[in-house]
Amino acid sequence: MKRWGSRLPCLFVWGIAVAAHAGSLTIKTIDNRGHPVSDAVVTIDRANSPTTASTHYIDQKSETFIPYVEVMHPGDSVVFRNSDNTRHHVYSFSPIGAFQFILSPGESSSPVVLNRTGIIALGCNIHDHMIAYLVVTTDQAQVTTQQGQARFDDLPAGHYTVKVWHPQLWPGHPLASSDVDVPPEGAAPELPFTLRLMPDPRSVVDREHLDY
Amino acid sequence: MKKHRLCSIIAVWGVATSLHAQDFVLHAYIDERLVAAPDDTSWTRGGFGKTRYGDGKTQFHFGGAAVYGAAQITPELLALAQLQDQTSGHSGLSLLEGWMRYRPVSTTPWRWSVRAGAFFPPVSMENDGVGWTSPWTLSSSAINTWVGEELRAVGGEFVLEHRGELTDWDVRAAVFRRDDPSGTILAMRGWSIGDLVSGIGSRLREPDAPVSAEGGTPPRYYDPFRNIGTSHWGDYAAVDWHAPSETRVSLVYYDNHADPGATAPYANGDQQSAWRTRFWSVGARTDTDAITWIAQAMDGDTTVEPIEDLYRRTHYRAAFVLAGWNRGAWRPALRIEHFSTRKPSNDPDVHKGENGNAVTAALNWRPRDYLRFTAEVLRIDSTATVRAQYGLPEHVIDTQVQVSVRVLY
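Top line first, the protein sequences correspond to chains A and B.
Sequence positions in the first sequence follow numbering that gives the first Met the number 0 and run 0 to 211.
Sequence positions in the second sequence follow numbering that gives the first Met the number 0 and run 0 to 408.
Hints listed in this document are in silico derivations from the structure and should not be mistaken for laboratory results.
Among the hints, a few may not be true.
[Claimed, not checked] Output of the computed footprint for chain A on chain B, the stretches with three or more beta carbons under 8 Å from beta carbons of chain A: (1) 22–28; (2) 118–131; (3) 209–216.
[Said to hold, decoys possible] Each pair of labels, with its calculated beta carbon distance range: (4) B:I396 / A:Q145: 51 to 59 Å; (5) A:D58 / B:E75: 37 to 45 Å; (6) A:I95 / B:S230: 47 to 55 Å; (7) A:S176 / B:R378: 52 to 60 Å; (8) A:T116 / B:T106: 14 to 22 Å; (9) A:S53 / B:D286: 36 to 44 Å; (10) B:W232 / A:S53: 32 to 40 Å; (11) A:N31 / B:A242: 41 to 49 Å; (12) A:P49 / B:V281: 52 to 60 Å; (13) B:P217 / A:D199: 47 to 55 Å; (14) B:D258 / A:N31: 54 to 62 Å; (15) A:I95 / B:A328: 37 to 45 Å.
[As the list claims (entries may be wrong)] Which chain B residues stay away from chain A? Per the calculated CB distances, all over 10 Å, these: (16) G97; (17) P108; (18) H231; (19) T262; (20) G299; (21) K351; (22) N354; (23) T384; (24) V395.
Beta carbons: idealized from backbone N, C-alpha and C, even for Gly.
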């Protein structure tokens, strides 16, 4: 106890010192009309701190994958859960992760470990309008919220390259990218990205537009 | 009539509510409308009028009802059926389509499927609602009115899809039977514009004037979905390309391979002829912001051989462009189309056939998910030599106004 007692002030001082040299960065994504864009993946050119592999959950509710976009890191696993009262047949034909699961209501799949980086498109073989994406990256990454924001905290001061990807970006356009300096203290100015997006491919089955 | 309508309402809603369960999808609609009809007698009443209603009256009509049911029997096997009830033209309950599809999952970009049963050839870009209705207008285009009346494939279809990173495409091929009379109505009456779809088991009415001229007694009906002559298969092939923004381009070639000299007995001891019918159809749709654009074109011919080596051929063409504005609960739509038929004549100075243009303007209002009101004005300007042949004016302008209330399940 005595030893810890003597070290605690040191740790406290070290923590303050680190905090004093850590900044934050907020990215804002909007569309052509100025509306916030959610589900954009924002990456910065710093490797994700190695942590233990985590498990991600993709739910299926009202014939929709939730979330639409999920960020993962190599070694992480994903579990698919069916919260609908109908069967789903989740699949991917991505070269970095091909799999398929038939899920009855209430059922969850076994975990799928993803070791390679890239983007995996998910579908349901029963309901073609269900689409989602897994983005596997070694970089630090965040998905923008409903307000179109992604925030990185505790960043060491320095020069960063920020890239933004969205599943509805028009093809043939380079990935949105921008450089920013994060100050030793406080927050860098909010970094805005304007994305030109294609319409949402997740069509909702309507009584007037049957999907069969 | 009221009793019949009440029964159909009860039947539609009864089936729709009782079968709702896991892996079953049920949808339905029922439609009542006020119609101001043109004077020109409608094809549904044995005339040459091109609108569904044509008696010069303004009155309420039962627009129709249908139930759509799809059961996912296994993850690979889907069964789908659509039943409708109609009281104008070919009355009663009938099966619009009924088929089963086997589609195994694929963990490669390629996916295949087969389906068997009775289904619509993949021509229409408009009719994706319950009962093969259009969400844009009450009346389908001339092309899709004909597809709904006389085209149904009873057979099997194979589909191969390729799913790319950005665009998908598929090719499909089908063989079918029971579509030998297709083309009859285009040759006898010409194009029409409406929302009366034939079901398996329903009958189509021939125009009264030619029936009388042949010494027959109208009304005379025929089964549009039957085999005539020696056993044979018709076929169609289609290529479909899908891109973002709900963009689709489709090309279809259809040939029923009917023997134009074949006949089969039908009502009153008459003989029903087979019509060799074939066509090319191209369609496209895309969204630009809130506007949905749909365009289709069709070019084909149908041939009958009433006497050996005497071939009577009718060429037919039609095209339309539709723009629908998706404004939430409000959805205005405008469609402009052109149609024609042409029959070769011995006299080069004599033109036989028809040509016409139509404009359809509809305003849809859907205040609730289950409720849709539609006001539609349809104006058809057409010239048809067949009308003059039977003492009617060759050139006619028909205007039909409809206000409909549709309940959707």
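Tested hints:
1. 22–28: Result for this restraint: holds, n = 3.
2. 118–131: With 3 residues closer than 8 Å to chain A, the region 118–131 of chain B meets the three-residue bar; holds.
3. 209–216: Not satisfied, violated; 0 residues make the cut.
4. B:I396 / A:Q145: 51 to 59 Å: For Q145 of chain A against I396 of chain B, whose Cβ atoms are near 53 Å apart, the range 51 to 59 Å holds.
5. A:D58 / B:E75: 37 to 45 Å: The hinted range 37 to 45 Å is violated for D58 of chain A and E75 of chain B, with Cβ atoms some 24 Å apart.
6. A:I95 / B:S230: 47 to 55 Å: 51 Å, holds
7. A:S176 / B:R378: 52 to 60 Å: 54 Å, holds
8. A:T116 / B:T106: 14 to 22 Å: 19 Å, holds
9. A:S53 / B:D286: 36 to 44 Å: The hinted range 36 to 44 Å holds for S53 of chain A and D286 of chain B, with Cβ atoms some 38 Å apart.
10. B:W232 / A:S53: 32 to 40 Å: With Cβ atoms ~57 Å apart, the hint is violated.
11. A:N31 / B:A242: 41 to 49 Å: 20 Å, violated
12. A:P49 / B:V281: 52 to 60 Å: This hint holds: roughly 56 Å between Cβ atoms.
13. B:P217 / A:D199: 47 to 55 Å: 53 Å, holds
14. B:D258 / A:N31: 54 to 62 Å: 58 Å, holds
15. A:I95 / B:A328: 37 to 45 Å: 43 Å, holds
16. G97: Its Cβ never comes within 10 Å of chain A, the nearest being 13 Å, so this holds.
17. P108: 6 Å, violated
18. H231: Non-interface label stands for H231 of chain B: nearest chain A Cβ at 29 Å, farther than 10 Å.
19. T262: 37 Å, holds
20. G299: Answer for G299 of chain B: holds, closest chain A Cβ roughly 26 Å.
21. K351: Since the minimum Cβ distance to chain A is about 40 Å, K351 of chain B lies beyond 10 Å and the statement holds.
22. N354: Holds, because the least Cβ-Cβ distance between N354 of chain B and chain A comes to about 32 Å, which exceeds 10 Å.
23. T384: Check passes; 39 Å lies beyond 10 Å.
24. V395: 32 Å, holds
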